[in-house]
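So the protein sequences, as listed, match chains A and B. Residue numbering for the first sequence follows the UniProt record's numbering, starting at 1 and increasing by one per position. Residue numbering for the second sequence follows the UniProt record's numbering, starting at 1 and increasing by one per position.
Treat each hint with caution, since some may be false.
To be verified - Label-pair ranges, simulated between beta-carbon atoms:
id: 1; chain 1: A; residue 1: Glu102; chain 2: B; residue 2: Arg35; range: 14 to 22 Å
id: 2; chain 1: B; residue 1: Arg90; chain 2: A; residue 2: Leu601; range: 31 to 39 Å
id: 3; chain 1: A; residue 1: Ser605; chain 2: B; residue 2: Ala107; range: 27 to 35 Å
id: 4; chain 1: A; residue 1: Arg577; chain 2: B; residue 2: Arg13; range: 48 to 56 Å
id: 5; chain 1: A; residue 1: Pro183; chain 2: B; residue 2: Lys123; range: 44 to 52 Å
id: 6; chain 1: B; residue 1: Arg35; chain 2: A; residue 2: Gly210; range: 55 to 63 Å
id: 7; chain 1: B; residue 1: Arg35; chain 2: A; residue 2: Phe437; range: 30 to 38 Å
id: 8; chain 1: B; residue 1: Arg35; chain 2: A; residue 2: Pro183; range: 29 to 37 Å
For the record, the hints were derived by calculation from the structure and aren't laboratory data. Glycine residues also receive a C-beta, built at the ideal position from the N, C-alpha and C atoms.
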Amino acid sequence: MKKARAPDHLERASVPWLLACAVSTAAPHTEHLPLWLSAIIGVALLLRTGLWLKNRPLPARWLLALVVVATTAGVYIEYRTLFGRDSGVALLTLFMALKPMEMNRRRDAVVIIMLGFFLLLTHYFYSQSIPTGLWLIASVTLLTATLIRLFGGPQPPVVIARHAAQLLLQALPFMLVLFLLFPRVSGPLWGLPQDAHSSRSGLPENIAPGSISELILNGAIAFRIRFTGTPPANSVLYWRGPVMDEFDGRAWKPAFLGRMASPQIEARGESIAYELTLEPHNQRWLLALDAPLELPQNATLSMRMQALAREPVRLRSRFTLRSSTDYRAGLEETQQILSASLQLPAKGNPRARTLAAGWQQKHSNPQAIAAEAQLLFRQENFVYTLNPPLLGENSIDQFLFETKSGFCEHYASTFVFLMRAAGVPARIVAGYQGGEFNPIDGYVVVRQSDAHAWAEIWIAGRGWVRVDPTAAIAPSRVEQGIAAALPEGETLPVMARIDLDWLRQLRFRWEAINNTWNQWVLGYNPDRQRELLSRFGLGDIDWRGMTALLSALCGLALLGITVWTLWQRPRTDAAHRAWQRFCKQLAKRGAPRREAWEGPLAYASRVASVRPDYGDIVHRAARCYAKARYGNADGASMPALREAVRQLPNRWRFF
Amino acid sequence: MAALAPLQRWLFRLGQDNTLPIILTQRRIFILPTRAGLLFGMALAVMLIGAINYTLSLGHALVFLLAGLGLAGMVHTFRNLAGLSISPGRATPVHAGEIAYFSLHLANQRREARRALNFRFEKGNEATLDVPATGSASIDIPCPTSQRGRLDPGRITLSTRYPLGLFCAWSYPHPRLSCLVYPRPLKRPLPPPVAVADPGFTRGAGGQEDFAGLRLRNLSDPPRHIAWKAVARNVDAYPLLVKHFSGGAGEELWLDWALLNDETDEETKLSILTGWVLAAEDAHLSYGLAIPGGYIAPACGATHCCTCLEALALFGHEESTRS
């Protein structure tokens, strides 16, 4: 029974638990760590496992210190800093892999566990998806189990795991209460490191040939929309992103025009209300449905009719907007914008200019010129493809007269060039077109692969009019989406190509779950918190009230757990209880009281000698009790005992 | 600190427990975070700030889950002690300078095992024990001894960090425990046996049949009476021993206080006497003990040995010697 265990000695058998902790918390980071660092981490953990298997001593301290210094220097060279987000994560992961090399006492093991908890948090910098969440729950369970192993001594792993799971289940109410009621602070508390928001995909600021088609291969979700009414047809869903009006012969970018008022937008049809949940793209534009009428408070309408947030969107954010797809906009456009919309490079693309000049002479109104250009795209054998041939210096000429194959940015850019050369103010609008309605949760999902570029021309008396030259070549692009428009055999994200119905259903379901996760778990911000609280009639609660409520509920949960874990009746045998009841009843009926030390059979014979009238029943009960308690349980003794208890004759007294 | 003693006594309910078994109720269990717990708390605070700063919703969830885990762990640590029933066992006598082990019997009525219970006297090392579910277990808690007499080890510190090591719950059960500590033995050659003056004290004439123990060899003893086995056990320390047959010579081995008059220190005398008792017992000699205030008639065997040692241990103490 007695075990001699030094209190702070690390048992050999708990080492594999700790190594498993190191692996489970460090492994997901290798996805974004530089290869050399991942290799060092892997080698260190393997070496440690080898040392454990062979029961060899750990390496000397100085050697370890040398490795730490060298790898830290490597991290510095790789990231150019030690205090950024990514370099910090790299260092933490590295320490996690190296710490097991100097693990002699339980204290070292505790440090590893704490480091593990910390590392778990850093995973969320890179992903907060449901699978990440599940992986982390498993890791937390492992870390907890390791703590139990460290402080509880050897037990079967199943028992430890069950105990860890039990502890985590008991932690759940606290988590829920704190998650829902902890006063949420929005935004960073101080400046974030430079690399805090790196690697966000989205529309580029400048458009050159190839910049949209790169995005098409990305199946990631750009934003989700929930329309208040029924969603409009796909062909009118033009989500407006950056607007570009300066051309340098190759790429388009917004011209610098200074601050100007936004143009008047007049809705002609019904207005459409919707809520847009935007994935972070590190830009200010909101991708409002063309053309936006009402914007949320923290957004403004730019002079190019874009909805712009005050700050770049760095977190998944929700915006409530109102737009109209049938509108008149910019009837009284400023001179600066119009002249910027006619700008062309001084030279280059002579054949296109000649062609446009011919149209200008032939037609007087801009609509006819635009129609001429669209006719050109339709009649000549233009091809819509993701993999167009490379273009040289006179890219417009080459595309228009030689290669004749390109993607939406080629068509939009060529069209705007021709319009300008023909004297019609025109500009390029980049954004997304279409979307996919998810019948499960009613959201419309717009992916990066829905990225699109189109053109806008300005007509006196009509304002800015959208012309989508791609629609002339590949009408199905606008009506059915990218997968229908591209020829067979071109690479596309898997998401867009799926035809199987059940697979599509599965995807819808998965994305609906993800969306709920995003909206309610990841997007749980001060607004959502207020919304939830007002649902419970606590709309005007302030942070003080919230803290009080929080403490009260936490206290309640703690009390609940305490009562639940402490209140456990000592286990007494059912047979023993029945026998005790029998003896008590018998004593009430005048039979001698059973002594605490008296065995059932001895008591029975004593009773029988004093009160022969009970002799039969007490013998029967005692035999049943002895058999149920001490003999082979045959299942018949217990009922027989109960029967005997019941059969005790009603109480009467002789004297 | 001295001024705080009454407060401490009140707060920690110090004092001896007179009712048995001792049941640890919540009023007797105290709990505080350990160093690991403080580290955990600090890590959580930093993680929370990180989660707020980067607006990581799942980060909030993780921090809150871990906070809940800490609280649940606290309850479990507390519960590891709550309701434990403790009854004292006996302690085998030891010599001063050795480690005395006090045994405790622990009973657990709960359906879960109680793990990693640490027992410690104020001085002395820790002993760790698991008590199985609805079962009982015994533990021997070490306590170092320094002087002879009855040792009262004082209160026990019973602590546990199970399951997560983030909190330490402890209690101060103080059962009535005591252990007899014999004097530290000093090895000296045994004194020579003395001839018995009173013939009534002898047990008949010398015979050759009944083995009655060993005694030191006189030159006149026949060589075949030498107890070679006994001699071989202690070649260095003792002169040759011979088998003593009942009815033999009328002399007895008296371990007498008076033989040690050249020693001045009382404790040293007791130590030497203790050494003699052990040596004589080891050699299966028959011996008597004479100390101021009483004597113990010659005999041999374990019980006799214990009686002698107890008399030496308690010499000058409350119970004094027996005759």
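Practice task
Could you tell me which of the numbered hints above are not met by this structure, giving the numbers in increasing order?
Solution key: 4, 7
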